[in-house]
Each structure stands twice: as structure tokens, then as C-alpha cells.
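Chemist: Chains A and B are the protein sequences, given in the same order.
Under full-length UniProt numbering, think of the first position of the first sequence as 1, with each following residue one higher.
Under full-length UniProt numbering, think of the first position of the second sequence as 1, with each following residue one higher.
By construction, these hints were calculated from the structure, which means they are not laboratory data.
C-beta atoms are modelled at their ideal positions from N, C-alpha and C, and glycine is treated no differently.
There could be a bad hint or two in this list.
[What the hints assert, rightly or not] With the Cβ distance kept under 7 Å, some of the chain A side facing chain B (calculated, not the full set):
1) Pro19
2) Gly21
3) Ala363
4) Thr453
[As the list claims (entries may be wrong)] Derived DEER-like restraints, expressed as beta-carbon distance ranges:
5) B:Val63 / A:Asp205: 51 to 59 Å
6) B:Glu56 / A:Arg303: 38 to 46 Å
7) A:Arg3 / B:Ala31: 25 to 33 Å
8) A:Leu38 / B:Ala31: 32 to 40 Å
9) A:Gln212 / B:Ala57: 34 to 42 Å
10) B:Lys60 / A:Thr271: 28 to 36 Å
11) A:Ala257 / B:Glu56: 46 to 54 Å
12) B:Ala33 / A:Ala257: 41 to 49 Å
13) B:Ala31 / A:Arg283: 42 to 50 Å
14) B:Thr37 / A:Thr271: 24 to 32 Å
15) A:Ala257 / B:Val63: 49 to 57 Å
16) B:Thr37 / A:Arg42: 50 to 58 Å
17) B:Ala33 / A:Gly281: 29 to 37 Å
[To be verified] Beyond 10 Å from chain B on every Cβ pair, some chain A residues (computed):
18) Asp88
19) Gln92
20) Phe109
21) Asp114
22) Phe120
23) Pro207
24) Asp210
25) Glu246
26) Thr306
27) Lys343
28) Asp356
29) Met381
30) Pro406
31) Gln454
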Amino acid sequence: MERRIYGIETEFGLTHSAPQGRPLSADDAARRLFAPVLAWGRASNVFLPNGGRLYLDVGSHPEYATAEADSLHDVVAQDAAGERIVDDLRAQLQQSLDAEGVAGTVHLFKNNVDSAGNSFGSHENYMISRRTEYTRLLQHLLPFLVTRQILVGAGRVHPTGQPAFGALTPGDGSPSYSFSQRADHIWEGSSSATTRSRPMINTRDEPHADAQHYRRLHVITGDSSMSQTTTALKIGTTDVLLRLIEAGQILPDRTLADPAAALRTVSHDLTGTAPLELASGERRSALELQQEYLEAVTRFVDRHGTHHDRLDWVLELWERGLRAVAEQNPSLVDRELDWAVKKKLLDSYAAAHGMDYSHPRIAQLDLAYHDTSASHGLFHMLERRGAVESFVAPEDVSRAVSQAPPTRASLRGRFVAAAHDAGVNHTVDWVHLKLNGERQQRTLRCTDPFATTQEDVEEAIRELARGDV
Amino acid sequence: MAQERIFGTGSRREEETDTPEPTTPPTSGAAQAQRDTQGTDDLLAEIDGVLETNAEAFVKGFVQKGGQ
Numbered sequence: 001m002e003r004r005i006y007g008i009e010t011e012f013g014l015t016h017s018a019p020q021g022r023p024l025s026a027d028d029a030a031r032r033l034f035a036p037v038l039a040w041g042r043a044s045n046v047f048l049p050n051g052g053r054l055y056l057d058v059g060s061h062p063e064y065a066t067a068e069a070d071s072l073h074d075v076v077a078q079d080a081a082g083e084r085i086v087d088d089l090r091a092q093l094q095q096s097l098d099a100e101g102v103a104g105t106v107h108l109f110k111n112n113v114d115s116a117g118n119s120f121g122s123h124e125n126y127m128i129s130r131r132t133e134y135t136r137l138l139q140h141l142l143p144f145l146v147t148r149q150i151l152v153g154a155g156r157v158h159p160t161g162q163p164a165f166g167a168l169t170p171g172d173g174s175p176s177y178s179f180s181q182r183a184d185h186i187w188e189g190s191s192s193a194t195t196r197s198r199p200m201i202n203t204r205d206e207p208h209a210d211a212q213h214y215r216r217l218h219v220i221t222g223d224s225s226m227s228q229t230t231t232a233l234k235i236g237t238t239d240v241l242l243r244l245i246e247a248g249q250i251l252p253d254r255t256l257a258d259p260a261a262a263l264r265t266v267s268h269d270l271t272g273t274a275p276l277e278l279a280s281g282e283r284r285s286a287l288e289l290q291q292e293y294l295e296a297v298t299r300f301v302d303r304h305g306t307h308h309d310r311l312d313w314v315l316e317l318w319e320r321g322l323r324a325v326a327e328q329n330p331s332l333v334d335r336e337l338d339w340a341v342k343k344k345l346l347d348s349y350a351a352a353h354g355m356d357y358s359h360p361r362i363a364q365l366d367l368a369y370h371d372t373s374a375s376h377g378l379f380h381m382l383e384r385r386g387a388v389e390s391f392v393a394p395e396d397v398s399r400a401v402s403q404a405p406p407t408r409a410s411l412r413g414r415f416v417a418a419a420h421d422a423g424v425n426h427t428v429d430w431v432h433l434k435l436n437g438e439r440q441q442r443t444l445r446c447t448d449p450f451a452t453t454q455e456d457v458e459e460a461i462r463e464l465a466r467g468d469v
Numbered sequence: 001m002a003q004e005r006i007f008g009t010g011s012r013r014e015e016e017t018d019t020p021e022p023t024t025p026p027t028s029g030a031a032q033a034q035r036d037t038q039g040t041d042d043l044l045a046e047i048d049g050v051l052e053t054n055a056e057a058f059v060k061g062f063v064q065k066g067g068q
């Protein structure tokens with residue numbers, strides 16, 4: 001598909017740290033964090049005027065799902081806006097606690113692991129064509145997803161080395177660094193469950209659109225990205241590979257013998273050269289597989305042209321990211337890719353203080369990198385200092401906090417804003433907009449995710465503005 | 001700046017207001033090297049200024065139930 005819908009769902013980590021007092025439990029912190037949401041929308045699961053969704057998920061995680069975006073620019077802006085919205089709740093909770101005289105600091109993390117080995121996700125959604133044979137798509141996509149972490153992993157410190165396969169406890173070796181946060185927590189290639197077996201691709205078929213033409217690819221193996229450019233590369237590379245597969249391009253079969261084991265091998269091998277066993281019996285390294293995908297995509301784009309104005313940027317960073325691993329020179333991408341940005345920071349700190357990665361301070365820095373606070377978060381500290389690249393302008397992120405992208409999300413966003421302003425009870429999901437008014441009860445269906453106007457929705461918004469509902 | 005606060009009232013991110021402006025990019029190689037060292041020292045000092053003292057307790061204190 002030349003034009004597709006993207007979305008990112010992020011589960012945030014939340015903790016209240018009170019060295020001198022009694023910290024709030026994770027449940028209490030989450031409940032209090034959502035008090036302003038409850039006051040605003042009478043629920044802890046709401047759709048927002050920017051078309052996105054904010055809710056409390058399994059395990060008291062604040063979760064934000066971006067509105068449907070149809071460009072790399074907009075999905076990155078919406079993702080960054082989501083982080084701001086949830087971080088603003090964090091700041092409000094901090095103010096309340098300070099006013100009450102409760103000691104301690106609330107921290108919100110955009111990461112994927114806690115200290116007890118629990119993992120939480122970053123889920124990417126891609127609208128794909130129903131015509132594409134799904135098993136063939138998975139066949140080519142899985143080896144890509146297993147190996148892309150050498151580009152778009154968020155990086156993780158292991159103070160006692162790589163954990164044993166399947167173990168939730170740390171390893172017992174020497175300290176190390178891995179590309180990915182999430183790789184140690186994924187159990188199989190694809191499945192319809194998310195929490196139980198935790199696969200890479202969730203196959204549950206909920207298109208949230210016209211099911212005759214579209215389906216939704218739900219990728220749940222990725223790390224959350226702090227860096228906008230890492231988010232853009234993650235979505236941009238996956239999109240262009242999907243385009244190639246959807247076009248029926250012939251690719252060699254690189255099915256991995258054991259995707260979950262390969263994911264761990266790749267994550268813990270910073271050289272990118274560890275051999276992975278293929279189902280065919282052959283072996284390929286992560287670098288070799290990624291080079292193959294990049295070459296196939298480059299040839300495809302040479303023949304068929306670019307389908308959006310940032311594709312050259314995507315291909316350039318893809319190539320440079322692989323070169324950084326191949327040449328063992330992370331400085332090639334230490335302004336753009338999270339794993340390298342973080343590693344540079346950790347290495348500088350460790351060198352200045354004569355520490356190695358087994359020191360608790362380094363694990364603290366690893367976590368603090370993902371802190372969403374503008375003042376306490378280490379990624380945001382680097383951003384403020386101009387030490388990392390951005391992908392969208394700051395004003396685009398500000399705008400995305402309150403405005404939906406030009407897709408179906410703009411219908412939903414305007415509907416939610418109008419109903420909220422009119423004080424009319426409403427029920428919304430990705431497809432349906434329902435008014436539970438005193439005079440009218442009506443459900444509107446929006447099945448075209450690209451449509452920015454729809455007459456019955458416009459009429460309902462006008463009625464809400466007139467107070468006729 | 002656009003209205004950024006969805007929930008509650010008042011201006012958001014007050015803690016941001018007194019943060020320094022990004023430094024201007026350096027020009028020459030020697031100046032860059034010097035500025036990088038200076039910048040790294042500043043950065044590491046700023047990090048030490050915001051991190052909680054007990055690193056181990058801070059990291060161990062972050063326990064979440066599993067998500068998806």
C-alpha cells in the first residue's frame with residue numbers, strides 16, 4: 001500500500017520513590033495519576049480531542065494509543081504528544097502530593113522492563129491490505145523484526161550479564177549491554193494472545209476498518225523509543241518492507257529455526273555477527289539479514305519510486321545504523337538511535353567515575369534515560385542540550401497534544417471535543433461514535449480510516465454545538 | 001504555544017521554565033573538542049544533580065505488574 005495507517009500503543013511504567021517516607025503502591029499511584037482523567041471524562045478509559053486513547057491497562061500501567069496517522073511525521077508527533085499528555089498527569093500528581101506534604105517523587109518511564117523482570121509493551125499497528133497472503137507476509141516480516149533491534153532497540157544494561165533463556169532473574173556473568181529491552185521477554189513468533197505467551201506479532205484480526213479490504217498488523221515485539229528518530233526509523237523501515245511484500249516482490253525464504261532464541265542472541269550480540277540458524281539449515285547473522293532487507297528495499301524503491309517524502313531519510317539512517325554495528329562505531333548514530341545515544345551517555349558516566357556496568361548507578365542511569373520528566377529524564381536532558389536529533393518540530397508535538405492527524409481520527413477528535421464541551425454523555429471506540437443524549441441516542445460508524453469528513457458525523461457535531469442533543 | 005493541557009487547569013510543565021537554552025553548535029574542530037569535554041562535564045554534573053542518591057533502592061523500587 002502506498003498510503004497506510006499507523007499507530008503506536010505505549011504502556012508506561014510508574015513508580016513513586018520516597019527514600020524518607022512511605023511510597024505509594026503502584027496501584028495507588030496509577031489510580032491517583034488518573035484522577036484528572038476521571039474528572040474530565042468520567043472514566044479511566046477515554047478518547048481525547050486529538051483522537052488518541054488514554055487508559056489504565058492490565059497491571060496499573062498508564063497506556064496511550066496514538067490516533068490513526070497516515071504519515072511518519074504524524075505518527076512520531078502523536079507518539080511524542082502522548083508522552084507529554086501522560087507526563088503532564090505525572091506533573092499534576094507530583095503537585096498534589098507536594099501540596100499534601102507527601103514526601104517523594106513520582107517517576108513515569110517510557111521503557112519496557114522493571115527491576116523484577118516484568119515486561120510491558122510498545123505495540124505498533126500497521127494497516128495492511130487484505131489481499132496480501134498473511135502467512136507469506138509473516139514469513140518475510142519475522143526475520144526482519146527479530147534483527148531490526150540492532151537499529152531500533154532501546155538498549156539495556158545487564159549488571160550481571162545475559163539472563164538464562166526464560167529466566168526472569170538476572171544472569172550470573174560479567175556486566176553487559178544489549179540492544180533490546182524487550183527481547184528477553186518474547187516467547188514465540190506469532191499468536192493471538194498477548195499477555196500469556198507474548199509473541200512478536202499478534203494475529204488477532206481486529207481491523208478497526210472495512211474488513212473486506214484491510215487488516216491490522218499488530219507488532220508487539222518492539223521497544224518503546226525515547227528518540228523521535230528511532231521511532232521514525234522503526235515505523236519507516238517496517239512500512240517500506242510491508243510495501244515491498246504487498247507488491248508481491250519475491251524474497252528469499254529466511255525463516256528462522258527458532259525466532260524467540262534468535263531474538264535473544266541478536267539482542268546480546270553487539271557485533272551483529274552471531275550466526276542465526278535458519279529453517280533451511282543455513283546460517284545468517286543479524287547484520288547479513290538486515291543488509292539483505294535494505295538491499296531488497298533499495299532496489300524496489302529504485303524501480304518503483306519513493307512513496308513519501310521522508311523515505312530517503314529512512315534509507316540513509318538504515319544504512320548508517322547497520323554500518324555503525326558492522327564497523328563497531330556507535331558514534332555514527334549516537335544522536336539518532338536510542339541504543340547508541342544511551343550507551344554513549346553510560347560510557348561517559350562510567351569513564352568519568354571509574355565504574356563499570358555492574359555499578360548500581362549505571363542501572364539507575366539506564367532507567368532514568370526513559371524518565372519522561374523534562375527536568376529529571378536523561379534523554380530529555382540530552383534533547384534540551386541539542387545532543388540528539390529530532391524528527392518533528394516542537395510546535396508540531398504541541399499541536400498534536402490537542403489536534404488529531406488528518407485521518408478518521410479528526411472526526412473522532414472533533415466529535416469528542418464537541419460532546420465534551422456540550423456536556424453530553426458519549427461512548428467512543430476506534431470505529432464507533434455514540435451519543436447518549438437526553439433527546440437522541442445515535443451510533444455513527446466510521447469504517448474508512450482515511451476519511452476526514454463524514455456527513456452524519458458533521459451533522460452530529462453541529463447539533464452538539466447548537467445544544468440540540 | 002498551543003494549549004497543551006487536556007486535563008485539569010493551569011499551565012503545564014512549570015518545572016521546564018527555568019531550564020537552559022540549548023547551546024549553539026560549535027564551529028572549529030578544536031573548539032568542538034573543547035566544548036565537547038566541557039559539555040560532557042556539565043552534563044554529568046547535571047545528571048548527578050537530579051538523580052536520587054541511593055541508586056540501588058531507586059531501581060529496586062520500580063516494580064510493576066506485567067503488562068502485555
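Chemist: What are the numbers of the hints that this structure violates, sorted from low to high?
Modeler: Numbers 2, 4, 5, 6, 7, 8, 9, 11, 15, 17, 18, 19, 20, 21, 22, 29, in rising order.
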